[in-house]
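Engineer: Order-wise, the sequence lines are chains A and B. Numbering of the first sequence is given in the numbering used here, commencing with residue 718 and proceeding in unit increments. Numbering of the second sequence is given in the numbering used here, commencing with residue 1024 and proceeding in unit increments.
Calculated directly from the structure, the hints in this document are not laboratory data. Do not take every clue at face value.
[As the list claims (entries may be wrong)] List time: in silico DSSO-like cross-link candidates among lysine-lysine, alpha-carbon distance up to 27 Å: (1) B:Lys1397 <-> A:Lys735; (2) A:Lys796 <-> B:Lys1415; (3) B:Lys1357 <-> A:Lys847; (4) B:Lys1397 <-> A:Lys796; (5) A:Lys832 <-> A:Lys847; (6) B:Lys1397 <-> A:Lys789; (7) B:Lys1285 <-> B:Lys1415; (8) A:Lys735 <-> A:Lys832; (9) A:Lys926 <-> A:Lys796; (10) B:Lys1256 <-> A:Lys789; (11) B:Lys1277 <-> B:Lys1256; (12) A:Lys770 <-> B:Lys1415.
[As the list claims (entries may be wrong)] Here are the in silico distance ranges between beta carbons for each label pair: (13) B:Glu1414 <-> A:Lys789: 37 to 45 Å; (14) B:Glu1414 <-> A:His1006: 45 to 53 Å; (15) A:Ala745 <-> B:Lys1085: 55 to 63 Å; (16) B:Lys1085 <-> A:Lys735: 53 to 61 Å; (17) B:Glu1045 <-> A:Lys789: 24 to 32 Å; (18) B:Asn1436 <-> A:Asn987: 42 to 50 Å; (19) A:Lys789 <-> B:Lys1085: 49 to 57 Å; (20) B:Lys1055 <-> A:Asn987: 49 to 57 Å; (21) A:Ser1080 <-> B:Gly1396: 46 to 54 Å; (22) A:Gly909 <-> B:Asn1271: 56 to 64 Å; (23) A:Lys735 <-> B:Pro1266: 36 to 44 Å; (24) B:Lys1277 <-> A:Lys735: 53 to 61 Å.
We treat Cβ as the ideally placed atom computed from N, Cα and C, and that holds for glycine.
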Amino acid sequence: MNWETVIGLEVHVQLATKTKIFSAASTAFGAAPNTQACEIDLAMPGTLPVVNKQAIDYAVMFGLAIDAEIGKTSVFERKNYFYPDLPKGYQTTQLEQPVVGPGVVDIQLDNGDTKSIRIHHAHLEEDAGKSLHEGNFRSGVSGIDLNRAGTPLIEIVSEPDMRTAEEAVAFAKKLHSIVTSLGICDGEMSQGSMRFDVNISIRPQGEDKLGTRTETKNLNSFKFMEDAIRLEVERQIDVLEDGGEVVQETRLYNGETKVARSMRSKEEANDYRYFPCPDLLPVVISDEHVEQLRANLPELPDARQQRFMAEYELSQYDATVLSADASTASYFEQAAKQSGNPKLTANWVAGELSARLNIEAISLEQSPVTAEQLAGLVIRIADNTISGKMAKQVFEGIWNGEGDADQIIEQRGLKQVSDSGALEAMVDEVLANNQAMVDDYINTDADKRKKKLGGFMGQIMKASKGQANPQQVSQILAQKLAKML
Amino acid sequence: MHNFTIIELINGLKKKVFSSTEITQHFLTRIKNLDSKFNSVITLTENQALAAAQSADQLLAKGEAPELCGVPILHKDIFCTNGVRTSCGSKMLDNFVPPYDATVIENFKNSGSVMLGKTNMDEFAMGSSNETSFYGAVKNPWATDSVPGGSSGGSAAAIAARLAPGATATDTGGSIRQPAALCGITGLKPTYGRVSRWGMIAFASSLDQGGPMARTAEDCALLLNCMASYDDKDSTCINRPVPNYSANLNDSIKGLRIGIPKEYFSEGLNPGTEQAVRNSLAEYEKLGAELVEISLPNTGLSVPAYYVIAPAEASANLSRFDGVRYGHRCEDPKDLEDLYRRTRAEGFGDEVQRRILIGTYCLSAGYYDAYYGKAQQVRQLIRQDFVQAFEKVDLIMGPTCPSPAFIFGAKGNDPVAMYLEDIYTISTNLAGLPGMSLPCGMVDSKPVGLQIIGNYFDEARMLNAAHQFQQVTDWHQQAPAGIES
């Protein structure tokens, strides 16, 4: 049977506010455990929440970016359950009246088509703390770190509009791109700034009714999400094709071991007993305020992509890659403006630089090569001072802190030889020293001679210690050999 | 000295008739000598009190004294006091020492008043007799075989026994007014949002409100001047200037329209109590007020609505007491479930557990609409009753509670009979209105309270009416026997 996969996502996005959603404690990542938890985060008796206005603004900005209805009045509710890293015994979240209503996010498919994924709503809520169990803490003891407790989140809930793991990943990446472009999230996946819960069901191709779904929770990388979806789809197909039934349940996927397991079934699910939080008034957002936020909205990825194609004549692919997040886009634009060569700059940012950052697993903000330095390198490639191959060495030098492109070219004596007199002499010398190769060339059939050129090029480049301008050498070589025929 | 009102104490301090140290010492000695009979004070803060009195005396000497400088008072043990155990009358918090002050406490510190100690109360303010306190019941100074009322029974009894000239209290369904009535003192529950709830341990957040207790309306006005403030740490606190509640006490009340709700004089009202209240209303007529019969048709729904809303909020508010971060923790829990179960079963008394169960039930899936949803609708109806009534009258008056103080154990096995104790007081909490109780007669040698309900933020008018009554009556000056040492 042919099965169709149906995927919906719930995405938790940590908002980049300085302080927590209901307290003045810092949200900075990586502090010593429990040093960023105040009496409110610890749920000490008598303490009360006060909502962080910046968090509300950020949520509204997201709503505006996806063309959603903004909840003029949104209400915080209490979601009740006991867990040691949930100090109040309830999570303050939104249910009936969320801050962001229905909206749409467009994704680009591999075939170039655009698909619209509907957003059911997005709501504001507080994050819980972290429990550190056996192995991650002390033997026989669980630890609780409440630094993260109260960090503002928006939970974005999509409609079940995705049909493949690739679509789900494209959607997740698009959300990442939107929230980082808005500056409302730092986008640091490894620090948990974006986490995905994936609802998956399958049904026979052509069937309208949705199958029973499972929810795989807390995936924190695009790769893990993709793997988890594939694994779960295979599992569901196996279950159904073996005549079984998919059980509605919550599942956990371990990205390291690539194994998923059931966490709890529907029957074991909590009754969360939601009710409006009496400590917080409904959040009322005026039209004026919404318009003010709309007017100051940063450029969004789609608009930026269009602009990059128009302004810098980039291909759609390059424009998509470089416009995806605000920091990449601004790095590229800065380097492109300085170098005066957007196309070559785009190649270097999307190519060598991205690859290197990936290998070192660091962000663009941490890149040892500044936009200015990259522009300096591009300029020297464009004006033929160095070849593409030498440029890689120079890039390496800049990466290692040896200085700017010009300094490294100077220090390493990497200047490309483009003086035609010198190049001619070099070509003559190689031809003279390799009479056998020359004879072979002459005796080869005319249509196969082209293949033999590589051998001469290699000798000449070697003789020049790689500094000869390859385009020029190739021209001179062709002329000289032609004369010998 | 202990028969002086707060006004008289302030005058004496300013005129150097006595020092704060002297009166503080006097009240401390009285508490130590007499309170074994009443059990009204849980924690005596002798050293801090004497130190504060000494500072107050220095300020008084310099002539820089703020309004309540040097005046000794008691605080209900529901207000968090930095460095001083705050138990909320519960075993759960028997070992809890807050590292912060409630805003109310901070306001009193800033006003120069001296904290003598913390008063006994029903556990987590849940009770109308003070019998639910972990520290044992408070006894009514007028008849030690009778209850003082609750939940602020400790504060009320201490003032009646002249162990302090004033005290703080809180009122969720009558917890200031009912014990004030039963102990023959004056107490005021302000409009919801007038006094900050920061640091006041929550019972039912949408109903809880702190307020003053003293012997006279004039003293209550003075205490409210200090207690009321806008506080940005409490989102439900209303940003509105605090008037000088002492300014209009002596205004004439000629022409004041007093609404008499017929529902407050129906079945269940003790005839002696009714007579005392009717006599008081006649006094008001003599003072030139006009009595207008009104109807609050939904009064009968207030107790059932309250006993859904208050426990529902409490069930979530009390979830934080889980034995993880502070407070009672059971011995050697074998796992997390066991930790929660035993900690909460051991730490909470029966009435608190009963209300957590009621609240949890009311919010459960399938019951929410029938209970919590319906109760919220009733709450709107009750509010409407008052809004309509206040179109016709300036104040509403009636009995504070159906009968004088009952004997210990009389209602112990019948929670509903106990809940009906608050039948006249609960509506004002549901509506968020201010209410007060002042002594207006005696039945069987026990005090009777007259309740005054005002429109939103009309505390000054209520205090004016109460003060005028106290100018022509002496019920507030009567003292129980057996309090002289």
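Engineer: Taking each numbered hint in turn, which are not upheld by the structure, reported in ascending numerical order?
Structural biologist: 1, 2, 5, 8, 9, 11, 12, 13, 14, 15, 16, 17 and 18
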